[in-house]
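Number of protein chains: 2
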Amino acid sequence: MTDKVTREARIARDFSLVEAGLDSGSLSNVRYLLNYSLPPADIADLIESSTPPERQVIWKLLKEKYRGEVLSELAEDVAAEFLERMAPQELADATAELDTDDIADILQQLPATLTAQVLHSMGAQDRLRVERVLGYSDDIAGGLMNTDTVTVRPHITVKTALRYFRQLPKLPQIFDTLLVVNTEDKLLGTVPVNELLTSDPATQIRSLMNEEPLSIAVDTDSKKVASLFEKRDLVSAPVVDSDGYLLGRITVDDIVDLYRDEAENHIMERAGMDAEQDTFAPVLKTQRRRAVWLSINLVAAFMAAAVIGLFEATIEQFVALAVLQPIVASMGGIAGNQSLTIMIRAQVLGQINRGNIGWLFSREVRAGLLNGLLFSVLVGLVAYLWFEHLLLSVVIAMALVVNLFIASIAGVLTPMFLQKMKIDPALAGGVLVTTLTDVGGFFTFLGLATLILIG
Amino acid sequence: MTDKVTREARIARDFSLVEAGLDSGSLSNVRYLLNYSLPPADIADLIESSTPPERQVIWKLLKEKYRGEVLSELAEDVAAEFLERMAPQELADATAELDTDDIADILQQLPATLTAQVLHSMGAQDRLRVERVLGYSDDIAGGLMNTDTVTVRPHITVKTALRYFRQLPKLPQIFDTLLVVNTEDKLLGTVPVNELLTSDPATQIRSLMNEEPLSIAVDTDSKKVASLFEKRDLVSAPVVDSDGYLLGRITVDDIVDLYRDEAENHIMERAGMDAEQDTFAPVLKTQRRRAVWLSINLVAAFMAAAVIGLFEATIEQFVALAVLQPIVASMGGIAGNQSLTIMIRAQVLGQINRGNIGWLFSREVRAGLLNGLLFSVLVGLVAYLWFEHLLLSVVIAMALVVNLFIASIAGVLTPMFLQKMKIDPALAGGVLVTTLTDVGGFFTFLGLATLILIG
Numbered sequence: 001m002t003d004k005v006t007r008e009a010r011i012a013r014d015f016s017l018v019e020a021g022l023d024s025g026s027l028s029n030v031r032y033l034l035n036y037s038l039p040p041a042d043i044a045d046l047i048e049s050s051t052p053p054e055r056q057v058i059w060k061l062l063k064e065k066y067r068g069e070v071l072s073e074l075a076e077d078v079a080a081e082f083l084e085r086m087a088p089q090e091l092a093d094a095t096a097e098l099d100t101d102d103i104a105d106i107l108q109q110l111p112a113t114l115t116a117q118v119l120h121s122m123g124a125q126d127r128l129r130v131e132r133v134l135g136y137s138d139d140i141a142g143g144l145m146n147t148d149t150v151t152v153r154p155h156i157t158v159k160t161a162l163r164y165f166r167q168l169p170k171l172p173q174i175f176d177t178l179l180v181v182n183t184e185d186k187l188l189g190t191v192p193v194n195e196l197l198t199s200d201p202a203t204q205i206r207s208l209m210n211e212e213p214l215s216i217a218v219d220t221d222s223k224k225v226a227s228l229f230e231k232r233d234l235v236s237a238p239v240v241d242s243d244g245y246l247l248g249r250i251t252v253d254d255i256v257d258l259y260r261d262e263a264e265n266h267i268m269e270r271a272g273m274d275a276e277q278d279t280f281a282p283v284l285k286t287q288r289r290r291a292v293w294l295s296i297n298l299v300a301a302f303m304a305a306a307v308i309g310l311f312e313a314t315i316e317q318f319v320a321l322a323v324l325q326p327i328v329a330s331m332g333g334i335a336g337n338q339s340l341t342i343m344i345r346a347q348v349l350g351q352i353n354r355g356n357i358g359w360l361f362s363r364e365v366r367a368g369l370l371n372g373l374l375f376s377v378l379v380g381l382v383a384y385l386w387f388e389h390l391l392l393s394v395v396i397a398m399a400l401v402v403n404l405f406i407a408s409i410a411g412v413l414t415p416m417f418l419q420k421m422k423i424d425p426a427l428a429g430g431v432l433v434t435t436l437t438d439v440g441g442f443f444t445f446l447g448l449a450t451l452i453l454i455g
Numbered sequence: 001m002t003d004k005v006t007r008e009a010r011i012a013r014d015f016s017l018v019e020a021g022l023d024s025g026s027l028s029n030v031r032y033l034l035n036y037s038l039p040p041a042d043i044a045d046l047i048e049s050s051t052p053p054e055r056q057v058i059w060k061l062l063k064e065k066y067r068g069e070v071l072s073e074l075a076e077d078v079a080a081e082f083l084e085r086m087a088p089q090e091l092a093d094a095t096a097e098l099d100t101d102d103i104a105d106i107l108q109q110l111p112a113t114l115t116a117q118v119l120h121s122m123g124a125q126d127r128l129r130v131e132r133v134l135g136y137s138d139d140i141a142g143g144l145m146n147t148d149t150v151t152v153r154p155h156i157t158v159k160t161a162l163r164y165f166r167q168l169p170k171l172p173q174i175f176d177t178l179l180v181v182n183t184e185d186k187l188l189g190t191v192p193v194n195e196l197l198t199s200d201p202a203t204q205i206r207s208l209m210n211e212e213p214l215s216i217a218v219d220t221d222s223k224k225v226a227s228l229f230e231k232r233d234l235v236s237a238p239v240v241d242s243d244g245y246l247l248g249r250i251t252v253d254d255i256v257d258l259y260r261d262e263a264e265n266h267i268m269e270r271a272g273m274d275a276e277q278d279t280f281a282p283v284l285k286t287q288r289r290r291a292v293w294l295s296i297n298l299v300a301a302f303m304a305a306a307v308i309g310l311f312e313a314t315i316e317q318f319v320a321l322a323v324l325q326p327i328v329a330s331m332g333g334i335a336g337n338q339s340l341t342i343m344i345r346a347q348v349l350g351q352i353n354r355g356n357i358g359w360l361f362s363r364e365v366r367a368g369l370l371n372g373l374l375f376s377v378l379v380g381l382v383a384y385l386w387f388e389h390l391l392l393s394v395v396i397a398m399a400l401v402v403n404l405f406i407a408s409i410a411g412v413l414t415p416m417f418l419q420k421m422k423i424d425p426a427l428a429g430g431v432l433v434t435t436l437t438d439v440g441g442f443f444t445f446l447g448l449a450t451l452i453l454i455g
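Sequence lines, in order, name chains A and B.
For the first sequence, the UniProt record's numbering assigns the number 1 to the initial residue and increments by one for each residue that follows.
For the second sequence, the UniProt record's numbering assigns the number 1 to the initial residue and increments by one for each residue that follows.
Check each hint, because a few of them may be wrong.
A pair holds if it fits inside one copy or across any two, identical chains being indistinguishable in the list.
[To be verified] In silico DSS-like links for lysine-lysine, alpha-carbon gap of 27 Å or less: (1) 224 x 420; (2) 422 x 223; (3) 224 x 170; (4) 65 x 231; (5) 170 x 186; (6) 63 x 223; (7) 186 x 63; (8) 285 x 223; (9) 159 x 285; (10) 170 x 285; (11) 422 x 170; (12) 159 x 420; (13) 186 x 231; (14) 170 x 159; (15) 231 x 170; (16) 170 x 65; (17) 422 x 224.
Keep in mind that the hints were calculated from the coordinates and are not lab data.
One chain only, chain A, in its complex shape (with noise of 0.2 Å):
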């Protein structure tokens, strides 16, 4: 038997030759790997990591029937770029053969207007079961949620199970649990595929059935959703609605999407963007989107500034004041920044409880002041060893003690302050507790300066 060169590798081969091609400019061979071997989600890689120019020669080099899937996998972002330019029936045969959550994921793009025309385009039968999802946010079960769900009675047997699959055109792409209704539709139990392979054909389904069955309620939050999936090792799970009537399942596929967003979120946050960015967004539009984010900062810059301005009399007399007040200031920032870090944290696992925050405040506080202590030690003799005075070493010293409690106290209050406000303390929460870091160390560094140094 010769070794073959296995899928993926071939996939991966393919995939750079479409770059090379790209950039000599011979599009022949870049048209026929695009249709004929890469995958959608590669494809969508591909332009994601492209630059305007080029993803334009992708796009259009791209066969029409192809194009709703790869849409259907690019953030949102770049997924705007072409949405924009398509006429309403080349978007709905486009997406024809979407799973139902990924046509309303695109379809919610797009302004209202131009949605009803998208849906007015598409078969009735087609059209019905979009709608019935595009009524829920994509931020609860019911916009995860398809309608390719299999559904048998109770009281039929393996066998005449077994014989309507085979009658099916075809089963659903991941399909590891049967779900068992009523004829209402009521969702009775469910059987796992495993157990129908390994059961006698004679067998009643009723006697296989789980009849506590693991159920989605539609309007379950979808991080719930992710993390039920989770500890419960599920590949799918039936959605019902506040009666127990099945509406339809969700996937671990779409599962897998949620939590890669949630990481590519969680590194973007931290200066302020969201997963859906586009890496090679346009010059003006990263410029524009930025200044934003510059702008909070720059109030919260004044106010330190502010700070400092209240002492501009103490700085005068002890320059050296100048040079060392960066250090209490950003001492206090990194703090803060871990106890906020370690919140936020608990509040995203839901680890925060009114019987545990007690314990993890004064943990919090503790911590902050013994290294509050050891660094006051370190900073004060290098202070001294630098400028030669005892009362200085000994103001900065005091300020980073008192610097690095406060730190403790915004990381740990910030966040629960913000989750009650419905700000999301994940992005805003950096800024403020830096504000505060910032403000109460360089208050406390001139102030202690001020009266000890001065008085």
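Following the hints, put chain B in place on chain A, whose structure we already have.
Below, chain B without anything else, positioned relative to chain A:
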């Protein structure tokens, strides 16, 4: 039909009852709920969101036979507390029923001598399958792999295959793909279980088989494995050695865990921490861990202070410089971290290559310069209104443009440099970029002030 509480609602209720029981000390109820109602993942959640004394109570109440599964769900840092007190035989018994990769993950946390003792306490067959996986680090496919594959030969019929399944004591919980191998266990192809269900029982497996099956080389990086599951919507995938012989398979539940850990890691790394760290770690452990990160930052802060120290004479004449200097530095820090973040995300997604890095670099520099110009006007104006000194406003405006220019260059080059040095840019990038923009900001601002205001 009366409405029952759904399974997840019952678990959530019992979870709260356990929390309340631990607070009030009514432990007999807690013992019952832990051992008869809550699934292992929820017990792990409960432990992770409890304070250290409560954890010991929960652990003692938990039956030994459930401890293995709970251990496998705990973050390493938390699991370590319990592992260090378990005898080798106790650990071997507790983990006997776990998936191979989960046992390996636990054993890899132990000292080598203890691992050998636990292996020695296992049955011969268990030991063999665990040792096979233990050989692989957990950041490659081999470490994610289980040995619970179901294989058939290509010449048998669907009917024979189905009969074979019924004779097995149990099919694996996730069973979406049948693996077809030759007599030497070389992977020949795969058949989706779907197709098995819808095919004529007389069909030969060979004719249903995908002859270019998706298989994963055992040494594939685990991040690449995860990305493959995400792109191909996989539920499971066979793992092969370099000659194509079947070694095991990876299932999507482990990929979901991987992405969840990655999301957690991206939260934690911005404060120099990682996902395995315990939220409720004791004070001294917390203090020591954070001191490392604070020390690194302290070095950076002293470098910035040293730069300011060069210009003491200038500040003595213009104290306003001490007031305004943090603005230039902090705006640079924010802008630098914006560029850094977009680069880190692009690196994680593998979007950067020789063909587009030039475009990206130029886009970053131009966006940085544009925002530099925009904010220099704004900050210059405010500085003028504040200090009524024209040249001072010109100095801060110029410094801001230069520092945002420095920031964009540092933001792009730092992560590329760190990647070359095999240092994680997401961990070290922030400190490095901030140091560069602090040093650059203070030097430019105070340097220009010396030239223009004094010179």
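Hints and how they fare:
1. 224 x 420: within (19 Å within a copy, 38 Å between copies)
2. 422 x 223: Intra 16 Å, inter 33 Å, cutoff 27 Å: intra-copy only.
3. 224 x 170: neither (31 Å within a copy, 31 Å between copies)
4. 65 x 231: between (38 Å within a copy, 19 Å between copies)
5. 170 x 186: within (24 Å within a copy, 30 Å between copies)
6. 63 x 223: Neither way: residue 63 and residue 223 sit 36 Å apart in one copy and 31 Å across, limit 27 Å.
7. 186 x 63: neither (42 Å within a copy, 37 Å between copies)
8. 285 x 223: neither (30 Å within a copy, 31 Å between copies)
9. 159 x 285: The answer is neither: 60 Å in one copy and 60 Å across copies each exceed 27 Å.
10. 170 x 285: neither (45 Å within a copy, 57 Å between copies)
11. 422 x 170: neither (45 Å within a copy, 48 Å between copies)
12. 159 x 420: neither (55 Å within a copy, 60 Å between copies)
13. 186 x 231: So residue 186 and residue 231 pass the 27 Å test inside one copy only (25 Å; across, 34 Å).
14. 170 x 159: The answer is both: 18 Å in one copy and 19 Å across copies each meet 27 Å.
15. 231 x 170: between (30 Å within a copy, 22 Å between copies)
16. 170 x 65: Within. Shortest intra-copy distance 20 Å satisfies the 27 Å Cα cut-off; inter-copy 42 Å does not.
17. 422 x 224: within (17 Å within a copy, 36 Å between copies)
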